[in-house]
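Participant: Going down the list, the sequences are from chains A, B and C.
Here this note's numbering is used: the first residue of the first sequence is 1, the next is one more, and so on.
Here this note's numbering is used: the first residue of the second sequence is 1001, the next is one more, and so on.
Here this note's numbering is used: the first residue of the third sequence is 2001, the next is one more, and so on.
Everything labelled a hint here was simulated from the structure, so no lab data went into it.
Incorrect hints may have been included.
Derived DSS-like pairs: lysine-lysine, alpha-carbon spacing no greater than 30 Å straight-line [unchecked claim]: (1) Lys2063(C) x Lys1199(B); (2) Lys1152(B) x Lys2102(C); (3) Lys199(A) x Lys1199(B); (4) Lys1320(B) x Lys2102(C).
Residues from chain A that keep clear of chain B, each with C-beta distances beyond 12 Å, as calculated [as the list claims (entries may be wrong)]: (5) Ile3; (6) Ala118; (7) Ser294.
If you only want the chain C side, here are some residues facing chain B, beta carbon under 8 Å, derived [said to hold, decoys possible]: (8) Gln2091; (9) Gly2136; (10) Gly2138; (11) Gly2215; (12) Ala2255; (13) Ala2275; (14) Arg2326; (15) Met2331; (16) Ile2342; (17) Thr2349.
Every residue, glycine too, gets a C-beta built ideally from N, C-alpha and C.
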Amino acid sequence: MSIKLQELVDRFGGQLIGDGNVEVVGFAPLDDASSDRITFLTNPKLRNEVAACKAAALIISPKDNQIVGDQFAGVRIVAPNPYAYFAHAAQLFQSLKMEPPKPGIHPSACIDPTAEIAPSATIGPFVTIEAGARIGEGCYIEAGCFIGRNAKVGAGCHFFPRVVFMYECEIGERSVLRPGAVIGCEGFGFANENGVWVKIPQTGRVIIGNDVQIGANTTVDRGALADTIVENGVKLDNQIQIGHNCHIGENSAMAGCVGVAGSATFGKNCTVGGAAMIGGHLTIADGVHVTASSVVQSSIEKRGVYSGFYPLAPHRDWEKSAVLIRRLGSMRDRIRELEKTIQTLTEKTK
Amino acid sequence: MSIKLQELVDRFGGQLIGDGNVEVVGFAPLDDASSDRITFLTNPKLRNEVAACKAAALIISPKDNQIVGDQFAGVRIVAPNPYAYFAHAAQLFQSLKMEPPKPGIHPSACIDPTAEIAPSATIGPFVTIEAGARIGEGCYIEAGCFIGRNAKVGAGCHFFPRVVFMYECEIGERSVLRPGAVIGCEGFGFANENGVWVKIPQTGRVIIGNDVQIGANTTVDRGALADTIVENGVKLDNQIQIGHNCHIGENSAMAGCVGVAGSATFGKNCTVGGAAMIGGHLTIADGVHVTASSVVQSSIEKRGVYSGFYPLAPHRDWEKSAVLIRRLGSMRDRIRELEKTIQTLTEKTK
Amino acid sequence: MSIKLQELVDRFGGQLIGDGNVEVVGFAPLDDASSDRITFLTNPKLRNEVAACKAAALIISPKDNQIVGDQFAGVRIVAPNPYAYFAHAAQLFQSLKMEPPKPGIHPSACIDPTAEIAPSATIGPFVTIEAGARIGEGCYIEAGCFIGRNAKVGAGCHFFPRVVFMYECEIGERSVLRPGAVIGCEGFGFANENGVWVKIPQTGRVIIGNDVQIGANTTVDRGALADTIVENGVKLDNQIQIGHNCHIGENSAMAGCVGVAGSATFGKNCTVGGAAMIGGHLTIADGVHVTASSVVQSSIEKRGVYSGFYPLAPHRDWEKSAVLIRRLGSMRDRIRELEKTIQTLTEKTK
Chain A
1 MSIKLQELVD RFGGQLIGDG NVEVVGFAPL DDASSDRITF LTNPKLRNEV AACKAAALII
61 SPKDNQIVGD QFAGVRIVAP NPYAYFAHAA QLFQSLKMEP PKPGIHPSAC IDPTAEIAPS
121 ATIGPFVTIE AGARIGEGCY IEAGCFIGRN AKVGAGCHFF PRVVFMYECE IGERSVLRPG
181 AVIGCEGFGF ANENGVWVKI PQTGRVIIGN DVQIGANTTV DRGALADTIV ENGVKLDNQI
241 QIGHNCHIGE NSAMAGCVGV AGSATFGKNC TVGGAAMIGG HLTIADGVHV TASSVVQSSI
301 EKRGVYSGFY PLAPHRDWEK SAVLIRRLGS MRDRIRELEK TIQTLTEKTK
Chain B
1001 MSIKLQELVD RFGGQLIGDG NVEVVGFAPL DDASSDRITF LTNPKLRNEV AACKAAALII
1061 SPKDNQIVGD QFAGVRIVAP NPYAYFAHAA QLFQSLKMEP PKPGIHPSAC IDPTAEIAPS
1121 ATIGPFVTIE AGARIGEGCY IEAGCFIGRN AKVGAGCHFF PRVVFMYECE IGERSVLRPG
1181 AVIGCEGFGF ANENGVWVKI PQTGRVIIGN DVQIGANTTV DRGALADTIV ENGVKLDNQI
1241 QIGHNCHIGE NSAMAGCVGV AGSATFGKNC TVGGAAMIGG HLTIADGVHV TASSVVQSSI
1301 EKRGVYSGFY PLAPHRDWEK SAVLIRRLGS MRDRIRELEK TIQTLTEKTK
Chain C
2001 MSIKLQELVD RFGGQLIGDG NVEVVGFAPL DDASSDRITF LTNPKLRNEV AACKAAALII
2061 SPKDNQIVGD QFAGVRIVAP NPYAYFAHAA QLFQSLKMEP PKPGIHPSAC IDPTAEIAPS
2121 ATIGPFVTIE AGARIGEGCY IEAGCFIGRN AKVGAGCHFF PRVVFMYECE IGERSVLRPG
2181 AVIGCEGFGF ANENGVWVKI PQTGRVIIGN DVQIGANTTV DRGALADTIV ENGVKLDNQI
2241 QIGHNCHIGE NSAMAGCVGV AGSATFGKNC TVGGAAMIGG HLTIADGVHV TASSVVQSSI
2301 EKRGVYSGFY PLAPHRDWEK SAVLIRRLGS MRDRIRELEK TIQTLTEKTK
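Take these sequences, add in the hints, and give me the full structure.
Facilitator: Laid out in C-alpha cells, this is it:
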C-alpha cells in the first residue's frame, strides 16, 4: 500500500529533488508527520517548521523551495500548486485503500424491468429504480437510493446511501451525490386565490453536469416550466437549498447551509460562504465571491468579494460599516456634547 | 393529451373570446410559447409582448384585456386571477400526463398485520408501516417511507420517497410530504442538572390538517406535553425546521430554510420569506408577512410586512436604517467637522 | 401504569410532604392538571396559580415551597431542581408506556456476515449493515438505517429510522441519532487548480461519545486528515451542520439550524442558539453561550453570553448597538440641525 515518490512524479508531474525510490504510505500534516509519510507546504506560517519536519517527502512550491527547501532533510517534490498536488496524490492513496464495489445488482433492489442498468454498475440493497431510468457504466448506487422514472445517470457516478433522484432528472459523468441529498423535488410554487394556495405543477427537470458534487441532505428543486441547471464541476456542500429554475455556473462552489431562492443565476467560478442567503430572480456575475452569512438581495454585476447583510456591500465597505456600528454609542455621545457646546456658544453670542 | 379551450372554461370558468374548439397541449411562458400552447399574462411588464405572442390561447385579467387584449391574435380566456387559473389548468395537464399509481401493496413493503391500509392506497417498495397505523383511501406512499405505530394518514395523501412520519402523528386529507421530510421527531427538550442535560420526554404529537404541503428534508417536531399543530392549507418549503409545540395557522406559507423555535404561534395567512428565523414562545398575528432572512425575536401583534434583523422593524423603517448604516462613515465625518468648527468658534468667542 | 409518589422519591430523591401512597398517571402543566396528575413549579410567574392547582402532587424548590408551598392542597415533593426532577420522572412514565423493542434482526435487513450484532440488539426492516461493523448490546437500529463498514456502535444506542452512519465512524453508549441524521459524510475539501476543484479525500472519521443526542437531518462530516470529535453528553438539535475536523466539547448543546464551519473547536458546557453560524478554524472557550441567529467570526476566549452579527459583541453591547441603529435617523437629523446652527454662529462671529 506504499507508493514510490517516482511514481507520484510520473503521474502528477513536479521536479523531484532526492531519491525517487523512497516509498510513502500516505499523507500527514507537516508538524505531525512520521518518516513513512509525505506532507506539503502551503501555509507561509509553517515555513519555519520545515527544518524539524520528519516526513519522508515534502511537496513544495518553487518560491517556498527557494526560501526553505534546503532546510528539509527528506526528498522534495517541487510543484506550482502543492495543495492541488496533495489532492491528486491523496486520491491515489485512497483508491489503493478502498476496495472497489463489485459490479452487479443486489438481490433486494427493486428495479423496474424497463430500467437500463449498465453491466459494470453496482446497485446496493433496497435501491428503487423506476421505469425507463438509465444507469451508466461504473456507477455505484448505494443502499436505499431512489431513482425516479426516466431519470438518467451518467457513467462513473457515485450516489451515497439514501439519495433521492426524482423522475426525468439527468446527471452527467463522475458526479457524486452524498447521503440524503434530494434532487428534483417539486419547487415551491403556488398561486394565491382568495387566501388559499393553489399548487403550480413543476414540470421542469434538474439537469446536472459532469464532475459535480452535492452534499448530504442538500436539496435541488426541479424547475417550474424550464429546467434547473447545475453546470459541470459545481461543488455544493451539505444542507444547501437550491430553488426551482436556478442556474449554477461551471466550477462554482457553495459551503454548507447556503440557501438560493428560485430563478437565481450564478456565473462561473463563483464561491458562496457558509449560510449565505441568495435572493430569487437575480443574477451573479462570473468570479463573484460572497462571504459567509451574507445576505444577497440584488444582482451583482462585477467580479469581486462581497460581504454583509442587507444592504450587501463590497467587503471593505461592509467592514467599515461594521466597525462604525460598534462606535454608534460614541457618535451619539459626541453629538450630545456638540449640542451642549453650541447651546452655550449660542447664548454667548446673543 | 391535448385539451379544448372550451373544456378549460367549463371546468375553471372565465369568459371565452374566440373558438372554444381550439386545442392546446400545455403551458409555456408568454415570450416563448409555440402555437400549440396556452399562456397567461400576470406581469404588467410583459403587456407589450402580447402582440407578438404566438400561443394559441392567453389567460388574461379583465383589466389587462381592456388594455392589450385586442393585440392578441389567438383565443382569450378572461378571468380575474390568471395566475391561479394557470395553476388549476396546469394541474389538469399534469394529471393527464402522470399515470396514476396502481393501488396495492408492493411485496417488499413491511406492513404490521394490525395496520389498516385502504384498498385504494398504493404502498411502494421498502415502506415500513408499524402496528396500528391507518392509511386512507387513495394514498400514495412512495418507496422507503416509514410510518410509525398508530399514526393516521387521511385520504388522498402523497408521501414522496423516504418520508419519516413518526408514531401517533396525524395528517388530514390530500396533504403532501416531500422526500426526506421528518414529521414527529422528538423535540429538543432537556433540563440542565449540574451541567448535564437530562432528556425531557416529548409526549405530544404532530397534528397536520388537510391540503398541507411540506418540503424536502423539512422537520416538524412533536410536542413536549401538548401537540404541535399545522393547520389546513399550510405550505412549507424545503429544509424548514419547526420546533416542538408550534402552531402554524391556516393557509400560512414559509419559504426554504426558515427556522421556527419551539412554542411559536402563527396566525392565518402569514408568509415567511426564505431563511427567516422566528424565535420561540412568541405569537404572530394573522396576515403577517416576514421578509427573507429576517430575524423575529418578539411577538408581532398587527398584520403587515416586517423586515430586518434584531431589532426587527416594519419594512419601511428597516430600509431607512439600512441606508443610514451605509452612511455611517459620512455621519462620522460630519461630526468631526462640527467638532473642529466649534473648537474654532469657542476660541473666537472666549 | 400509575406510580406511587413514594416510588418517585425512592428513585429520584426529594422531601415528601404528604401521603406517599397517592398514585399519579403522568405529568400535566400546572394550570391544566387533573387530580390524577403530577406537576412542577419552575416559572416564578406561576406561583400565584399554585393555590388553584388541582394536581395530586407538585414538585417544588425549597425556596418556592417556603413562599407558596402551603397554598397547595395536594402532596409536595421538595427538590432543588424541579425541572430536572420532572425530566427524570417523565422518563420513567414514558418507559412504562413504551413497549421495549424485541431483540433480533428483521428478516429483511441486509447484514454482512462479518458484522457483529449483539444478541440483545434490535435491527429493524431494510437496515443495511456493512462488513466489519459492530452493534452493541441493547441497541435499537430502526427501519432503513445504514451503517457503513467497520463502524462501531456502543451499547444502548438508539438510531431512529433512516439514519446514515458512515464507514469507520464510532459512537459510544446510550447515544441517540434521530431520523435522517447523516454522520461521517465526506467533508467539503477541494483544492483549486486553474479554476477546477480537485477533491481532497477525507480520511478522518467521526468519533462520538456517550449520551450524545443528534437531531433529525443533522449532518456531521468526517475529518480530512484527523477526526471530527463530538464529546460525551453533547446535544445537537435538528438540521445542524458540523463541518470536518470540528471538536464539540462535553455537554455542549446547539439548537436547530446551527451551522459550524470546519475545524471549529468548542469547549465544554457551551450553548448555541438556533440558526447561529460559527466560522471555521476558531476556538470557543468553555461555558460560552451564543444567542440565536448570531454570527461568530472569531474565537471567543472568555466564558459569557455573546450576541449579534458581524461584528459579534457581548450581548449587552450588541443590544445597545441594536437600539442605536433604530435611532440613526434621529442622529442624522441632529447632525443636520447642528450644522445649520453652526453655520449661523460662524456668520455671526465673523
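Participant: Confirm or reject each hint.
Facilitator: Status of the hints after comparison with the structure:
no. : hint                    : result
1   : Lys2063(C) x Lys1199(B) : holds, 24 Å
2   : Lys1152(B) x Lys2102(C) : holds, 24 Å
3   : Lys199(A) x Lys1199(B)  : violated, 40 Å
4   : Lys1320(B) x Lys2102(C) : violated, 62 Å
5   : Ile3                    : holds, 40 Å
6   : Ala118                  : holds, 22 Å
7   : Ser294                  : violated, 10 Å
8   : Gln2091                 : holds, 6 Å
9   : Gly2136                 : violated, 20 Å
10  : Gly2138                 : violated, 17 Å
11  : Gly2215                 : holds, 7 Å
12  : Ala2255                 : holds, 6 Å
13  : Ala2275                 : holds, 4 Å
14  : Arg2326                 : holds, 6 Å
15  : Met2331                 : holds, 7 Å
16  : Ile2342                 : holds, 5 Å
17  : Thr2349                 : holds, 5 Å
In this structure, the earlier hints numbered 3, 4, 7, 9 and 10 are contradicted, and the remaining ones agree with it.
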